[in-house]
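> Chain residues, written in single-letter form:
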Amino acid sequence: DVKVTQSSRYLVKRTGEKVFLECVQDMDHENMFWYRQDPGLGLRLIYFSYDVKMKEKGDIPEGYSVSREKKERFSLILESASTNQTSMYLCASSPVVGLGEKLFFGSGTQLSVL
Amino acid sequence: AQSVTQLGSHVSVSEGALVLLRCNYSSSVPPYLFWYVQYPNQGLQLLLKYTTGATLVKGINGFEAEFKKSETSFHLTKPSAHMSDAAEYFCAVSDQNGNKLVFGAGTILRVKS
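Protein chains in written order, with this note's numbering: chain A, 1 to 114; chain B, 115 to 227.
Some clues are possibly wrong.
[Stated by the list, open to error] Taking lysine-lysine pairs in the BS3-like style, the calculated list, with each CA pair at most 25 Å apart, reads:
1) A/55 with A/18
2) B/226 with A/102
3) A/71 with B/183
4) B/183 with A/3
5) B/214 with A/55
If you are wondering where the hints come from, they were derived from the structure by calculation, not from laboratory data.
Turn these sequences into a full structure, and let the hints guide you.
As structure tokens, then:
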């Protein structure tokens, strides 16, 4: 079975802390994505990456950065966590070619910033 | 820019009844359209997708959706609801590359026994 693994299911951090959310996929996919999910807002794209060391801003990149040093790993970084970043974070991956390719999602990380 | 509107944040149906979840999209180019489902404490899974060709698309678990360009809609239906269908459903639209999805706000489906 294909797999997208997020390192933590639940995470509690304090305001101002630097937070790393890790995501690993085992499908050799080129594309990887970070979304945040909030009730009533659906999923909003934070950042995505088409290849190693490449990144593109999504719709809500403010307060976040990403790192993709290896093809299989895509990290989301909160440089200084704030309470409004409390959310469910979902990582996803997809193949590079093919129109309308589906995304494969991880199970999510519920981050609480206190 | 593309956008998706899902009508109804919560839908409740009785077991065995028709399921209808509404989705309207906005896109300046021919869209690719998706329905994803999220069961409690899980990530999203693809139910079905429309790219080109037949406008009636069949997906997993008995769900189907019809692309209606004139109405800019892609509503999801299932003839007979099952308790296991209780979940949150997301409609999404992509650009021509199909690599970036814009999601709707989601609809939580409740199935009553």
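> All hints, please: hold or fail.
A quick look at each hint next to the structure:
1. A/55 with A/18: holds, 20 Å
2. B/226 with A/102: Given that 25 Å is the threshold and the Cα spacing comes to 31 Å, the pair is violated.
3. A/71 with B/183: violated, 38 Å
4. B/183 with A/3: Violated, at about 35 Å.
5. B/214 with A/55: At roughly 13 Å apart (the allowed maximum being 25 Å), residue 55 of chain A and residue 214 of chain B satisfy the hint.
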